[in-house]
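According to my numbering, the sequence shown is numbered sequentially starting from 1.
For the record, the hints were derived by calculation from the structure and aren't laboratory data. Where is the CB? At the ideal position from N, CA and C, for every residue including glycine.
Label-pair ranges, simulated between beta-carbon atoms: (1) R147 x Y116: 31 to 39 Å; (2) K46 x Q117: 32 to 40 Å; (3) K46 x Y154: 16 to 24 Å; (4) P169 x E101: 20 to 28 Å; (5) E74 x N115: 19 to 27 Å; (6) A35 x E74: 26 to 34 Å.
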Amino acid sequence: MRNLLLILFMIPLLANCQSEKNALSKYAANVGDIAFNQDTDGSDFKRCLSDDFTFQYYNDLKGFLYKGEKIEIERKLAALKLQDDRTENGYITIRFIVNCEGKTGLFRVQQMNENYQKFAFDKKFGDQLLKFTEKLDGWIPKEYEGRKLDYYQYLTFKIENGKVSEILP
Numbered sequence: 001m002r003n004l005l006l007i008l009f010m011i012p013l014l015a016n017c018q019s020e021k022n023a024l025s026k027y028a029a030n031v032g033d034i035a036f037n038q039d040t041d042g043s044d045f046k047r048c049l050s051d052d053f054t055f056q057y058y059n060d061l062k063g064f065l066y067k068g069e070k071i072e073i074e075r076k077l078a079a080l081k082l083q084d085d086r087t088e089n090g091y092i093t094i095r096f097i098v099n100c101e102g103k104t105g106l107f108r109v110q111q112m113n114e115n116y117q118k119f120a121f122d123k124k125f126g127d128q129l130l131k132f133t134e135k136l137d138g139w140i141p142k143e144y145e146g147r148k149l150d151y152y153q154y155l156t157f158k159i160e161n162g163k164v165s166e167i168l169p
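Produce the complete structure using the sequences and hints provided.
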């Protein structure tokens, strides 16, 4: 009798857990996951692992993985002639995925002013930074237990008086 009561008590609890699991499934697995968008993403970029799992850039102790490190990206940016007739201040962050072959895709752009409020820089300027980031070809795949992985990466361009003053991280 005691076991029967326990079973009767557990059935509603288990049913409730299952309905909560189904309700949550409409949300991304992790905050900031990038889902493929056929309108903006090239179909030639392929993730090496499942679309359901991508490491973050900080998931290991290796940190920033680019041939020549961040100083090489800064050198390449200095050689680029950016539109320079602006006076805005703020940040342009470009997030993307680096796959197990070191190729990049699924780029997303977020812009904000110096007070971290949503802001739109001049379209030409933003497009120049996006194209610059898309062309960077020195990304190094992350490895875990001898297996190369896909991972999220970002570059944040700090803009002061209309010019890139720093690249983060």
